[in-house]
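Colleague: Spelled out, the chains give:
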Amino acid sequence: MTPCHRPLDPIDAEAVAAGADPVFRADAAEHARGCPSCQALVNAARSLAEALEGLPPESPAVPGLAERVVRLRAFSRRERRTYALWNAPVLLVLGIGAAGLALLLRPALAASEQLSSGASALVPLVALLRAAGRWASDLATLGPRGLQGLSEALHQESLLGAAALGMLAPLALGLRKVLARAARSR
Amino acid sequence: MRRRRPLRLGPVLLAPLFTAAVAGASPSITSVRRDVVVSSALPGRVVAILADVRIAARVSGDVIVWGGDVSFAPGGSVAGDLLVFGGTIEAPTDRPPPVEGRVSTPGSLLHLYLSEMRRAPWEGSGLGASVLGGLHLLALSVWLMVALGILYFFASPLARAAMSAEEDWSGALLAGALGVLTLFLAAGAALSLLPSSVAIPIALLSAALAVGAKIFGMAALFLLLGQKLLKTFAPARRPAALAAGFVVLGGLSLLPFVGALVWSLASIVAVGVALVSRFGTPRWRIAVG
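So the sequences go chain by chain: A and B. Residue 180 in the working numbering sits at position 180 of the first sequence; the count goes up by one each step and never skips. Residue 36 in the working numbering sits at position 36 of the second sequence; the count goes up by one each step and never skips.
Don't read these hints as lab results, they were simulated from the structure. Just so it is clear, CB atoms sit at the ideal spot from N, CA and C, and this is done for glycine as well. Check each hint, because a few of them may be wrong.
Listed next, the in silico DMTMM-like pairs over lysine to aspartate or glutamate satisfying Cα-Cα at most 20 Å (straight line) [said to hold, decoys possible]: (1) B:Lys-228 - A:Asp-9; (2) B:Lys-231 - B:Glu-167; (3) B:Lys-231 - A:Glu-67; (4) B:Lys-214 - B:Glu-166; (5) B:Lys-214 - B:Glu-167; (6) B:Lys-228 - B:Glu-167; (7) B:Lys-231 - B:Glu-166; (8) A:Lys-177 - B:Glu-167; (9) B:Lys-228 - B:Glu-166.
So the derived list for chain A, only partly shown, Cβ under 8 Å to chain B, looks like this [stated by the list, open to error]: (10) Arg-71; (11) His-155; (12) Ala-182.
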């Protein structure tokens, strides 16, 4: 099936399947009729609705189901693309980052008598980028060597290894129980 | 310029009992919980765990130290690399450490930044509060950026993880504590008992799982805290809720002492949230034929 260049929002697919007015695209129903990919979305939504309607009436209603479904639903495509939803957090990221850079800049500004202020502003930024690069490089190259050294040293202390192994078994069992209990209550 | 943290009396008093004095008979030194003094030329390398190392002669290989400090006496030098994980380096007065290879403290971005700013890792104690605060704020901005990225791409799993944390706080805390200990002990047992070729991948895998769980779980905690603060669980308000929760936890992390404590506790809960919710995967998948 050829993928659609303007795929329907899942909410619109459900609306079309239910015969309701679409939320995001007024031409959703018309588009789905001519687009196999979007029609498949509508069919899937319709099948789900029919399956839910086919449940025996004596099935007890799950308390708070609607709220949970709304709470857990994914973003619609429109929500993902709507900058108004994201602008405050993105501005916060930029603001905190700028404040951090400004603090790093303070010592460098003391040297601005020798440099232009623009160049002195770049010093901490460049140093930070280089440091981040070195940090990643060190972690990749030296980490395994450090672990190898650690392993060789610990091999001489077999008691430590045995103790770790002895404690590992009850801890892992306990963790398994806690996770199983959590899975049952979900 | 401060050179070293306050003297620790324990290792000093116990040194005569536990110090592994080295006469150069062995090509390499490996020591666990015993301080090492290299007093004569050593053709091999030094590996020390939970122990301080004092170098008073030439070491031809690397010096690798986990959880201990390294200091140099006159005449001491290292021909290889000097790697210190979770410890400090005390250099001779007004000189860089006499190390021909790389000097590295891989756990600390701060030290690397200072060395890039032409201040070496062993001079770290004299830095101003503004540099520390600046790096802290930058780290927080990266945290928020990563959390928003997770929310953008995995909104539903993140919301599910936040909900599972809300429903069972004590379970998340218990699972976090047990999970961290289990991963730590699994790595420790593997490194102690298995060959390095097998143990190192296991240790790296354990670390990667712990880090992944912490990052995902922290994002879920930010979201849950913000949803509680804003009193809304509407999907369209999730980005704002995540930012609000982040402001509270990130702001607390800036407080001295209490901040580190709160962030550490949140990290343990975060690992638990990720494990309990299985990274937000649904328990049941709906398949419609």
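Colleague: Against this structure, judge whether each hint is valid.
Modeller: A quick look at each hint next to the structure:
no.: 1; hint: B:Lys-228 - A:Asp-9; result: 29 Å, violated
no.: 2; hint: B:Lys-231 - B:Glu-167; result: 16 Å, holds
no.: 3; hint: B:Lys-231 - A:Glu-67; result: 14 Å, holds
no.: 4; hint: B:Lys-214 - B:Glu-166; result: 17 Å, holds
no.: 5; hint: B:Lys-214 - B:Glu-167; result: 19 Å, holds
no.: 6; hint: B:Lys-228 - B:Glu-167; result: 13 Å, holds
no.: 7; hint: B:Lys-231 - B:Glu-166; result: 13 Å, holds
no.: 8; hint: A:Lys-177 - B:Glu-167; result: 17 Å, holds
no.: 9; hint: B:Lys-228 - B:Glu-166; result: 10 Å, holds
no.: 10; hint: Arg-71; result: 4 Å, holds
no.: 11; hint: His-155; result: 6 Å, holds
no.: 12; hint: Ala-182; result: 4 Å, holds
Checked against the numbered hints given earlier, the structure breaks only hint 1 and satisfies all the rest.
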